[in-house]
Amino acid sequence: MRKNKALIVCFIAPTVLCLLAMYVYPVCRTVLMSFFHVESLTADVSAWSFNGVENYAKIFHNAGFLISMRNFLLIWLVGGAITLAISLLMAVILTSGIRLQGFFRAAIYLPNIVSAVALATMWVQYIFNYDYGLLNNLLTMLGLEKFRWLGTDAKFWAMLAAYIFGSVGYYMLIYISGIEGIPTDLYEAATIDGAKKVKQFFSITLPLLKGIIKTTITFWSINATTFYLWSKLFSPVQTESSTIVPVVYLYDTVFGGKGVVTRDAGAGAAVGVVLTLIIIAVYLITSVTLKSNDLEY
Amino acid sequence: MKRTRSKINWGRELRFIPGYLVVGGYVVFTAVMLFWILGASLSTAREIFQGKVLEFSSGFHFENYVTAWQAQNVSVFFGNSLLYSITSCAGVLLIAAPAAYVLNRWRFIGSRVIRYGLVIAMSVPAIMIIMPLYTMAVKWGLKGRILLIVLYIFLRVPYTAIYLTDFFATLSRSYEEAAAIDGCSPSKTFWVIMLPLIQPAVITVTIFNFLSVWNEFFMALIFTSSESMTPVGVGLLQLVNSMKYSGNYGALFAAVIIVFLPTFILYLFMSRRIISGVTAGGIKG
Chain Y
17 MRKNKALIVC FIAPTVLCLL AMYVYPVCRT VLMSFFHVES LTADVSAWSF NGVENYAKIF
77 HNAGFLISMR NFLLIWLVGG AITLAISLLM AVILTSGIRL QGFFRAAIYL PNIVSAVALA
137 TMWVQYIFNY DYGLLNNLLT MLGLEKFRWL GTDAKFWAML AAYIFGSVGY YMLIYISGIE
197 GIPTDLYEAA TIDGAKKVKQ FFSITLPLLK GIIKTTITFW SINATTFYLW SKLFSPVQTE
257 SSTIVPVVYL YDTVFGGKGV VTRDAGAGAA VGVVLTLIII AVYLITSVTL KSNDLEY
Chain S
24 MKRTRSKINW GRELRFIPGY LVVGGYVVFT AVMLFWILGA SLSTAREIFQ GKVLEFSSGF
84 HFENYVTAWQ AQNVSVFFGN SLLYSITSCA GVLLIAAPAA YVLNRWRFIG SRVIRYGLVI
144 AMSVPAIMII MPLYTMAVKW GLKGRILLIV LYIFLRVPYT AIYLTDFFAT LSRSYEEAAA
204 IDGCSPSKTF WVIMLPLIQP AVITVTIFNF LSVWNEFFMA LIFTSSESMT PVGVGLLQLV
264 NSMKYSGNYG ALFAAVIIVF LPTFILYLFM SRRIISGVTA GGIKG
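In order, the protein sequence lines correspond to chains Y and S. Here this note's numbering is used: position 276 in the first sequence is 292, and no number is missing along the way. Here this note's numbering is used: position 17 in the second sequence is 40, and no number is missing along the way.
To be clear, the hints were calculated from the coordinates, so they are not data collected in a lab. Just so you know, even glycine gets a beta-carbon here, dropped at the ideal spot from N, CA and C. Treat the hints with care, since some could be wrong.
[As the list claims (entries may be wrong)] Using 20 angstroms as the maximum straight-line C-alpha spacing, the simulated PhoX-like pairs for lysine-lysine come out as follows:
{"no.": "1", "chain 1": "S", "residue 1": "Lys75", "chain 2": "Y", "residue 2": "Lys162"}
{"no.": "2", "chain 1": "Y", "residue 1": "Lys213", "chain 2": "Y", "residue 2": "Lys230"}
{"no.": "3", "chain 1": "Y", "residue 1": "Lys215", "chain 2": "Y", "residue 2": "Lys226"}
{"no.": "4", "chain 1": "Y", "residue 1": "Lys21", "chain 2": "S", "residue 2": "Lys211"}
[What the hints assert, rightly or not] Label pairs and their in silico Cβ distance ranges:
{"no.": "5", "chain 1": "Y", "residue 1": "Glu256", "chain 2": "S", "residue 2": "Ala149", "range": "42 to 50 angstroms"}
{"no.": "6", "chain 1": "S", "residue 1": "Ile226", "chain 2": "Y", "residue 2": "Ala206", "range": "54 to 62 angstroms"}
{"no.": "7", "chain 1": "Y", "residue 1": "Pro199", "chain 2": "S", "residue 2": "Glu78", "range": "49 to 57 angstroms"}
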């Protein structure tokens, strides 16, 4: 052990440095900053002035932030329900003995592999395009009128639909690994007892997937709170209230954007802390309500 | 259970029709989208707007790719992304692999804290760290490509270290004992014997690191201060924004294909490994 002391120190030191410099120090500083009036990120600490929960009060009285929070809640709740339901459905289909499973898994996971900027560009410039887009072509073919998918009213839902489409594959793979972990003799016994597939799903698959569902809810919450790229690509030049999300609001407040008069790094930090607290809360709530199955199998 | 290739039992397949429709519909939609983008990248803007993308009445316009690559700087973005991905994949291994080894082989003061720290760091949202990192970068005068490389390395260290720790656990200690008897130093034992033994895990984790650095967007957007250090994601966004003025849609779709291809090709060859890796690292109920 003594001989290995030098080795341990040398091998672990860079990682410890990384943890401290990239995570511990920045997180502490962000939390601290959220309680101070800090105008610019480059301002010296001596120029910070303590103002308690003023930053939090400020953002919760700001119309832009409140709209961004509403959009976030819709993404989290509606998008989450749809994404997790579709991915669970696909996972069940792809573990039911269907042919070409490997191909379907790979094809459905594909959007997670490619650059999200490229993917979002495909949706904005092709699928939702007014003049030559796929959806409007379908509408024309059916003899219907073209629709402005990226108009103010529909834009948010168009964005969410595109995002869901790209996310499904990831959660599907997690559910598949969960379902494949359930012993097949449970299903065989159920089949012998005459339980239909639907019944088997609700009384075997779903209860035994509790732990996995908890994991996917936590992952979805993290992804929904840090939702940024899709909003940026659906409103690339100017932030719009139809697609604004908290991270976009944070970016505009801290780094400046259209319509931001004074930069406010303290308020930005407060946004970050609020979002992190949401993630922690979701994690704790799902941990308590969805107690991992103590069932032995 | 071993799967045997049986003759298609049509009666049995019939029950799966709704299932085929769901997953098949999804795949067909993706395929239509990709083929259209490919077609558009070889068409003129006029053909795109007339809805004649897959007819190629004026031939294949490969010059769209030349325009995108040269005139619109995609070559610069591409080179940068390649540089960031490759150097940070190497750097992250140099830092995380030794740490993973030590964390698996020895208990020492703080080893538990470091392990938990790494797991928590994996789910720390970027917005919590980005502001102080920006301050630090400005204060220490760090800028240019090296800044993004360092950030990407540090961004991937927690995941890589945790992923590899589990794999070192599968190696017997007899390797080290034998090496020690032969007079091999512990450090050399690690680099020459232990690390090569977990090569499959190293390859998988490196693929994931490569994909995530190639596709990273948020940090790149904040820390990119000049055209010469812009990676593909941010570069493509700039192209889309300027397209309103230049109107060269063929070149835009060519740029989309260029950004799309590297990870897509990697996926074609590695999909099995990638798919099994998604759920291997750290996902537990």
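Verification of the supplied hints:
1. Proposed proximity of Lys75 of chain S and Lys162 of chain Y is supported: the alpha carbons are some 18 angstroms apart, at most 20 angstroms.
2. Note on Lys213 of chain Y and Lys230 of chain Y: the hinted pairing is violated, with a Cα-Cα distance of about 24 angstroms set against a maximum of 20 angstroms.
3. With a C-alpha separation of about 17 angstroms, the suggested pair Lys215 of chain Y and Lys226 of chain Y falls inside the 20 angstroms cut-off, and the hint holds.
4. Of the pairs offered as hints, the one joining Lys21 of chain Y and Lys211 of chain S holds, with about 15 angstroms between alpha carbons and a cut-off of 20 angstroms not exceeded.
5. At roughly 23 angstroms, the beta-carbon separation of Glu256 of chain Y and Ala149 of chain S lies outside the given 42 to 50 angstroms, and the hint is violated.
6. The hinted window of 54 to 62 angstroms between Ile226 of chain S and Ala206 of chain Y is violated, with their beta carbons roughly 40 angstroms apart.
7. Judged by the Cβ atoms, the range 49 to 57 angstroms given for Pro199 of chain Y and Glu78 of chain S holds: they are separated by roughly 54 angstroms.
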